[in-house]
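Peer 1: Using the sequences and the hints given, assemble the complete structure.
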Amino acid sequence: MAVIIPSDNSRLYSLDRTQPAITVALEKVRHTILPSDVEIVALYADSRCSSQLGPIRAFDFYSNKTVNVFFGPVCDYSLAPVARYAVYWNLPVVTPGAMAHDFAAKTEPKDEYKTLTRMGITFDTLGFYFLQILKGHKWDRAKLISQYKGYDSISPNFCYLASSAIAKHMTAKRFRYEEHIWLEHTQDAKHVLKESVGLRYAVVVLCANPDSVRDIMIQAEELNFNNGEYVFLNIDLFSSKNASMYPWYRANDTAESNEKARKAYESLMTVSLRKPTSPEYENFSREVISRARNESQNFTYGEDEVNSFVGAFHDAVILYALAINETLAANESISNGTAITRRMWNRTFEDKLHKCREHCEYLEMRLLPVQKPLLSNPKCDMSKRTDSKFK
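Add 13 to a position in the sequence shown, counting from 1, and you land on the number used in the numbering used here.
Please note: incorrect hints may appear among the correct ones.
To be verified - Now the in silico label distances, taken between C-beta atoms and shown as ranges:
no.: 1; residue 1: F141; residue 2: H204; range: 29 to 35 Å
no.: 2; residue 1: R360; residue 2: V54; range: 22 to 28 Å
no.: 3; residue 1: N265; residue 2: D201; range: 51 to 57 Å
no.: 4; residue 1: S76; residue 2: H204; range: 52 to 58 Å
no.: 5; residue 1: R213; residue 2: N349; range: 51 to 57 Å
no.: 6; residue 1: E279; residue 2: G211; range: 19 to 25 Å
no.: 7; residue 1: N296; residue 2: T361; range: 21 to 27 Å
no.: 8; residue 1: H114; residue 2: I69; range: 21 to 27 Å
no.: 9; residue 1: N359; residue 2: L212; range: 43 to 49 Å
no.: 10; residue 1: E192; residue 2: L212; range: 16 to 22 Å
Claimed, not checked - Calculated cross-link-like contacts (lysine-lysine; reagent style DSS-like; alpha-carbon spacing at most 25 Å):
no.: 11; residue 1: K254; residue 2: K288
no.: 12; residue 1: K276; residue 2: K203
no.: 13; residue 1: K151; residue 2: K181
no.: 14; residue 1: K181; residue 2: K162
no.: 15; residue 1: K148; residue 2: K181
no.: 16; residue 1: K41; residue 2: K273
no.: 17; residue 1: K181; residue 2: K127
no.: 18; residue 1: K207; residue 2: K273
no.: 19; residue 1: K162; residue 2: K203
Hints in this document: simulated from the structure, not taken from any laboratory. Virtual Cβ for every residue (Gly too), placed ideally from N, Cα, C.
Peer 2: Put into structure tokens, the structure is as follows:
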């Protein structure tokens, strides 16, 4: 099992974060799923999220005959060539990445990525979700504002790819939209709102880093865009539970600015990934974080929960082990990547952590309510808004 992920700990799926979860899963499948004469061994290589280095690492594994399955890469530009080569090598690729639209169609023989299994959220799903929000509230147009380098720490061109998927779905259903690439170092947020949104759009879809979203919303409040005539929809898929609780609050800012931001966020709804809350998942998080602390002297997890990428890698090991079992039972070779891949697609399996499909249940999206006063937690249901004039 060749795991190609970055060692850079600024990535949510870095080696130090992910390896303990993979180890936990390997121990589990060894005792509960795999036959006694089969063992999965994990080998690791640094992709650096590079479109050049990722494929080189994959080719090294292949030429040395040390791979039956690739786990990763995660970054789309690093993954794409690996997933293409894997078809010709007849090797499965399993990843929580592959979010871009180009990876979506993978079931026809002519497709480039027919041995690819995706374990995470996709931008196609995100685009469909936003379209349902617009349709549900009878909004027929939207302004898409994406930060040029927004969420590049997750994957290069993250916001561009996310906005493009939303635009694709809107085009298909004849919704009206305009896209704006925000260059935050050269364009003032207030100017962008006045010139790009103004009186032409009342629905704004944002994809930007959390600090940039906060800046935009403060400027929107100063422009009186929180008067009930506008609504802002924000893409923030991977923030931790703690960061999601009070996204408007900054400890190093003044009370006045924090209050202004809190008020502005009353017009903002954030689309995020649903985080598991079961005791089993909390125990899993503690185990992974504890192992990470013990295995790396220079790394501190920094959160009280593992993120969705780490959980998806754990689930990928379980899914792959189940596919191995079924392939052996059918008297087929576990070196047959096509056979293995076929048994990983479109299935549900039960695990102590949660019920999981090829796209795992805990990766569903929901609208997060804005936390209003710091010491209270009122519920805010977007479906109960009466601002039907949003068009």
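Peer 1: Indicate, hint by hint, whether the structure satisfies it.
Peer 2: To see whether the hints hold, each was checked on the structure:
{"no.": "1", "hint": "F141 x H204: 29 to 35 Å", "verdict": "holds, 32 Å"}
{"no.": "2", "hint": "R360 x V54: 22 to 28 Å", "verdict": "holds, 24 Å"}
{"no.": "3", "hint": "N265 x D201: 51 to 57 Å", "verdict": "violated, 22 Å"}
{"no.": "4", "hint": "S76 x H204: 52 to 58 Å", "verdict": "holds, 53 Å"}
{"no.": "5", "hint": "R213 x N349: 51 to 57 Å", "verdict": "holds, 55 Å"}
{"no.": "6", "hint": "E279 x G211: 19 to 25 Å", "verdict": "holds, 21 Å"}
{"no.": "7", "hint": "N296 x T361: 21 to 27 Å", "verdict": "holds, 22 Å"}
{"no.": "8", "hint": "H114 x I69: 21 to 27 Å", "verdict": "holds, 26 Å"}
{"no.": "9", "hint": "N359 x L212: 43 to 49 Å", "verdict": "holds, 46 Å"}
{"no.": "10", "hint": "E192 x L212: 16 to 22 Å", "verdict": "holds, 19 Å"}
{"no.": "11", "hint": "K254 x K288", "verdict": "holds, 8 Å"}
{"no.": "12", "hint": "K276 x K203", "verdict": "holds, 17 Å"}
{"no.": "13", "hint": "K151 x K181", "verdict": "holds, 18 Å"}
{"no.": "14", "hint": "K181 x K162", "verdict": "holds, 21 Å"}
{"no.": "15", "hint": "K148 x K181", "verdict": "holds, 15 Å"}
{"no.": "16", "hint": "K41 x K273", "verdict": "violated, 49 Å"}
{"no.": "17", "hint": "K181 x K127", "verdict": "holds, 23 Å"}
{"no.": "18", "hint": "K207 x K273", "verdict": "holds, 19 Å"}
{"no.": "19", "hint": "K162 x K203", "verdict": "holds, 19 Å"}
In this structure, the hints that do not hold are numbers 3, 16, in rising order.
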